Structures are given as C-alpha cells and as structure tokens.
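Protein chains in written order, with the numbering used here: chain Y, 607 to 1351; chain G, 159 to 268.
Calculated directly from the structure, the hints in this document are not laboratory data. Keep in mind that the hints are not guaranteed to be accurate.
Simulated pairs of lysine-lysine, DSS-like, Cα-Cα distance not exceeding 25 angstroms [to be verified]:
| id | chain 1 | residue 1 | chain 2 | residue 2 |
| --- | --- | --- | --- | --- |
| 1 | Y | Lys1139 | Y | Lys1169 |
| 2 | Y | Lys826 | G | Lys185 |
| 3 | Y | Lys645 | G | Lys232 |
| 4 | Y | Lys1139 | G | Lys231 |
| 5 | G | Lys232 | G | Lys207 |
| 6 | Y | Lys830 | G | Lys205 |
| 7 | G | Lys185 | Y | Lys645 |
| 8 | G | Lys231 | Y | Lys645 |
| 9 | Y | Lys617 | G | Lys185 |
Because the structure is a prediction, the values reported are computed rather than measured.
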Amino acid sequence: MSKTPLPTSWKEGDYTVTRTTAWSAPGCHAGCGIVCYVKDGKLEKVEGDHAHPFNQGHICPRCAALPDVVNSPDRLLYPMKRDPSKRGDPDAWEQITWDEALDLIYNEFTRITNEYGAYTLQSFCGTGRDILWQSQRLAYAMGTPHVVSYFSGLACWMPRLVSYNACTGDYMMPDCSECHEDRFDNPTYQLPEVIFNWGCNPVSSSSDGFFGDWIVQCVKRGSKLVVIDPRLTWMAARADLWLQPRPAVDSAIAMAMLKVIIDEDLYDHDWTDRWTYGFEALVERCNEYDLDHLCEVAWVPKEKVIEAARIFAAGKHTCVQLGLSFDMQRHGIGGVRAVIAMLAICNDIDQPGGQIFTAPPYDFSYFSWGFKELPEEIQKQLVGYDEYPFIRMGMVLDQPDLQLVQAEKEEPYAYRGAIMFGTNPMCCMSNADLSRVYPVIQKLEFIAICDWRMTPSIQTFGDVALPVAMNVEKLGMIAKRTGACAMSPIEGLEIKGEPKSDAEIALLLGSRFNKDMWPWANTEEVYDELVKKSGMKWRDIREANWLYPGLEYRRYETGKLRKDGQPGFNTRTGRLELYSVFAESIGDNPLPYYDEPFYGPYTTPELYKEYPVITMTGTRNIYYFHSEHRDIGKLREIQPDPLAEINDVWGKEQGFRDGDWLWIENHIGRMKHRAKLTPIIRYGMANVNSGWWFPEMDPKEDPMYGCWDVNPNLIIEPGHQGPTGFGSDVKAVLTKIYKCEEGEY
Amino acid sequence: MSEYGMIIDYKYCTGCHTCEVACRKEKDIPLDEWGIKLFEVGPDELKGKWYWNFIPLPSDYCDLCHDRIKAGKKASCEFHCLANCIEIVRIEELSAKMIEYGNSVTCFIP
Ligand code: SF4
Ligand code: SF4
Ligand code: SF4
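Use the sequences and the hints to build the structure in full.
Here is the structure:
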C-alpha cells in the first residue's frame, strides 16, 4: 500500500466513472479490472482498466457487453415463489418479499431437518466464483456437509489442484509475469524461454484464473511456443511445434516426454539430487513403459514427442499452461504428475519464467470455510470421505459419482431439499448423464435457486427464485492468485428491483440457521473476517483498488514455502515429491503413470466399431461463460447455435454441410448440434460445445428452453471417476453422427 | 482526406470479437449491421505450414472514433483489443509505423 492509489471514482462529462473488478455475476473466473461509465443512473458502457496489472486494459467481448447483461429486461428483480406441485409452469410464479422468501426457505429446511435430519439438505455450487465459500459456509450452518455439483470426478481444476498439492505442496501456474504489479518490467522477472500450452485454449477460455492474453504477450516478446492439443487452435497454428494427440490420452504423451528426458539424460542432476524425493522410483516407473508404444497409442509420431521433450528440457525456463483436458480424463492425474516431474527435474520450479507457486495472496484462503466447525460425525458424511481421502484436501466437496448413486438409491438416506448458488445444472456442471441427474434433483421436496435471470433450472424445478446482484451492484472481494481486488456498488448506479449478492443471501440465511457461524451484521463485516489474518480490512483493499503481494523466486532456498521456515517444499519430506508420500499413505498410485480411458479404441474396440467418432466435449468459446450470455444479442449474433466441429473431409464424405443439424449419439443417449466442417480436427472426429439453451424460447412450450436437446451431458456416463475420486472420462466420447430428419430440429 | 488511419497488425489477432462488440457499443450499431467485422482466413495448410489469421476490417460506420481521439482517448476497438492489434495513427505516419510493426500488417483509411 506504499503507492498512492488511483482514484476509484471520478466524473467524466456526463458520466460518473468507477473502476472495479468484474467478478461474478455474470461470469467468470478471472476478475479483470474494468472501468464503468454511468449516466442518469444507468450503466452505459464498460471499458478495460489499462492501469490494472491483471488484464492491462484488455477485455473479452463478454465484459464489453456487460451493460447489456446488467440492464437486461430479463433480470430477476424480486424474490418469487411457486408451489412445488406446479414446477415447470411459468405462469405459477408469485412475487414475494425478501422476508417471506427467507422465512419460507428457513421453514422448509427446518421442517426437513426435523423430519429427516439436516444432512438430507444440499447446497449446490456452480463453478468457483464469488459463490463458493458462500454456498459452503451456508451448508455448514444448516448442519449439512453436502456441497454438491453433479459433475463426474469433480473434473474441473480439482484434479490438477490435488496433484500439484500432493507433489509440491501448493498450486502452480506458468510465470507470464502475472504476479508482479509492474508485470514484464519487474527487474527479477525473466521471460519463459519456452511455453507449453497443453490441453486448453486460454485465448478463448481464460480459465482457472489464467488470462489467456498473457501467453500472447509472452510469445510477442519472444517466448517459444509448443502446443499439445487434439484440435488445431489459433495458437497451435502459430506454435513452433504442435502435437496433435488422440483426445484424452495426454498422460501417454507426458510419460513419453518424461521418459525421453530421463533416457537422454537431459535433466538437471544437481537440482534433482538436492531438492527432489523419489527420483530412482521415477526412473523405474519410466522403465516400465515403452516409448514406441506410448507414441503409438497417443497417435503422435515418435520424432515429434522426442523433439517436444528436448525443447522442454532445453528451456531456461520452461513453463506449462496445463489445461482442463487433464481433469477430463480418468487417469489425467498420472499425466499431471508427469508434467510436474518434468518441470522439477529440469529445474523450472519456482524460477522466473518457469512454473511458480501461486497461493491466494495474504493467506486469504477460504475454501471450505467452516467445514472443520461441523461435528466430526457430520464431517464424515461427506460423500467419499472414506473411499477417497483426497476429497478432504483443499476444497471439500461431495464426490459426485458416488453421490449420484446415493441419491438414486436413497442409501443411506434420501436428499430432501437444496439451495443453489451460481449454477444452472440443467445446462452445465452436471456432466453425469443428465437423464439420471434430472430425476434426482426433481424429486427433492424443496429447491431454492439464486440467479440473476430465469434459467432452465429455475423454470424446471425452482420453488423459490432469489434475484442476485451483479458485480457492479454489490460489495465483494476476489483473492486472485495474483492479488486481491475488492468491489462495491459503482457510483451513481440506480439498482433496479431488489437483487442481493450471493454473500448477502448466504449471510441472511446462515445467521438464521446458526448465529454462531454467521455473527456478522453485514457482508462488509464478513469480508473483514475473511481478510483478518492480513491485518487489513475489506475497505483497505477497496480503497487500494488492488493489492499485489508480489512474487519472490526460489523460495524453497529461503524457507519461505514452509510454515516452519526451513528450506524446501511444503510436503511431508520437505522435498519436491516425484514420489508422493501422501498418495502412498492413502493407498494411491504415488508416481506419474499413463492408463487408457474407460471407453476408447483400445479399451473397448467393439464399442468403437459401433461408435467410431471420437467426440470431444468441454470446449469454451469466448462469447459465452458456461450457460450464460445466450440472451445477449451482441454476443449471440457471433455464434447463434451450438456447433459441432466436424473434420471437413470426413464430413463431406458423410454428406454433411455447414449448418446441418446432426444427431450425436452414443450408447446412453443422443443430442444435437449444427455442423461446422473444419480441418482443425482429425479425420473422423468431432468436437462439441457446452452450456447451450435458447432463452428466446417460450417456456410454456418447454420450461427447459430447449437445453435438453443440445446438452452433451446426455452422452456422458458417470461412474468412471479416477482412482482418487478425481478426474473422469468426460473429454472424449465414442459416438456416431448422422443428420437429423426433417421435423427433428 | 482523413487525418488518421488505422493500422491493423493481425499477426496476433486471436479472433476474440471484442473489437466488434466494443464498436457496436460505442457507435450504438444495430445487430443487423456492423461497424467493424472480423474476417477469418484459413485454417489452410500452405507450404507445409498452417495459415490461420483473423483480420478485423471497419465499415462505413467507422470514423476512427473521431470524438474519442479528439478527447485524447484511444478508439474503442483499439482500446479493448485483446492483443494490441489496432492502432490509430496520423495518416502521414502510417507507412513508417507499418514498417515498425513488421510482417502481417495492413491499414484502413475511412
Ligand atoms: S476474462 Fe473476460 S469476461 Fe472474464 S473478467 Fe476478464 S474481460 Fe471479463
Ligand atoms: S475506430 Fe471506432 S468506429 Fe472505427 S471500428 Fe474502431 S470502434 Fe468502430
Ligand atoms: S479485439 Fe483485437 S484480437 Fe480481438 S478480434 Fe478484434 S482485433 Fe482481433
């Protein structure tokens, strides 16, 4: 806080201008700096904040269109209720006051608690934004450990998080200078010599707190780029080297590269000796694999894998933007560990331009805030508590595949009620066979949903809908791994209706259920509590606009990675664990490995014959965040329909033309997308979108707004989670594809 | 003759469409018309390498954000571009600037 902060608010002609942070609602994981222009009480435009170190003024079309979202005529403005017997009926909603809504929720959940036990209640959370600690701490106040998303294998970020934690003691990111407030000008910073962009397309997705533009900035400045992706992406087209593996076998490529680095003796002996644990075991593990075989099953020429491994080892330093694709594989964790091992033995860990530790700043760690305050017997009811000890590490969520079975069988008990924050499970975050998820949600006796507009989920099974405030309308905070930013309602804005932030809703309900856990009078006090360890208050952060703690390198030498101040890493052995002692202690595979997906050309050749089209899922595009933004004209006109990318040569042979509606079918279901013929994927393969619905549809005709027809979660089979409970085969689905008949679209 | 020209350095244009949305917003352009449009060339395999470029091109709506430039600000598309592909410069500086940008660069004069 040494420098004079920039003004937070000022006048510019007729405009009142406020700089703030774009952190949910709507979207997104990043929380970029934005500047908001208000005239006559209305948000007129949003610009990127060029002074903000995180995004340096660059914004996606979604933030450029933020005023259209905030001013949308479809906002929920007041709480509403509907008789549970009238679910699906858009005419049965009735406006109520906040007090009525909160009483209703409290009374229903209390009735359920008295009749069946508080642990039959669930708190659904969407992807991690300003809704996560809220949904968790509220659940714990209600007396239930069940924070829920029916997404198989918690297959988003969590597998990478636990893998990094198990081997290195913390989460890691590539160093594109993002942790320095002065970015590329920082004197301790060095550009990565080599960047591996692996299994993601960050210029479209900016996922997991990594702003995609950072890689472009590095490449512009001279970093070498290697892309590993089954699709030719814009980045792959510009890469110095592109590997195009079969989808969902990234761990085969990772093991192959690791093997080359060890066999060709390309690693840093000194660093490996001094700082790692388990190198001999790692060598033995690599010896179990045959390089030719790994390359053959990955469908990548051996020469390319060898070239990639040599580039990796030669980089001073090399960093890896490791993508979602690793999470979307049952055995992706084996691949993540192989990548960590490569970074370690090539001395790229905690180095400038290498892979850096990025703990939440100032110790602002509030994952699962309050879980430990639950009585132990309630904690143990977390689904997967015994089966998957990894589940208890870090962010505590129920293991979804097991929970789905429990909910279906009602063993050991049935779930009875739920509240939902930042999630629209009919459209996304339910990658576990929607036709099984839908009935287990529908049979809950009472469901309250917080959102900023009507969604297929609210229309289909909401009993109470609570209107949520936008980022520009609320008090909040984001503890990004780069720095902390706070937001408050922007100056001059006239807020329409009575929306409340997710934090305020959680506080209002939480304090009714358990005053000891929610003793605060308002959300500012809650945030003060969250940042207490730093000696700061929420207001200090808001007034500073952003606070960057900065980043020191090679902290394993100075003892700053460990609580006890000893040199080394925050692991059991104090070394970087190529062989994870924690994994071993819970009976898990302690070393990097590769294994095949549950369904695939090698594991189920008969099924592959019947369903020969490997279809990839989960690809994001930049105009939409998950299931949001389909109602915003400026964005929707860019891509009006869900598109299946189909290899152009193969597609023509099948008689498909651009824009044709196609059925994409596997052994459990089918869904449709429009064809886009393109050379960016391999012959005979496809790639589909996610999160689609059609807000323009009349809910009287279909309360799901068409989402059921186009949802890839209909062809994803749950129950194939990885051996740790994390990771699941949701990336690559064996399908067949054929044209829709007339009348089917 | 325009006082300014737009340099479009498309080698790093990621195809994000932010310029389109930013221009629409700035100029209040209806959805069935456009102020700046993104064109996609490729992907094609040329000389054994992948060629794939996005290139934004302004329409007759574009006045190079005259009012913003006069107020000392950047044009809306220039300001928001995710990859710094767009720069509005004085017309007499166009060629010198383009040489500075190196390859894959073009320009637009309204
Ligand atoms: S990544 Fe894009 S949508 Fe998300 S906050 Fe940043 S500019 Fe906005
Ligand atoms: S300079 Fe202004 S008017 Fe021209 S394309 Fe860019 S935003 Fe639109
Ligand atoms: S904003 Fe920039 S990077 Fe994005 S499409 Fe337009 S010119 Fe390209």
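Note to self: Check the structure against each numbered hint from earlier and tell me which ones fail, lowest number first.
What the structure shows: 2, 4 and 5
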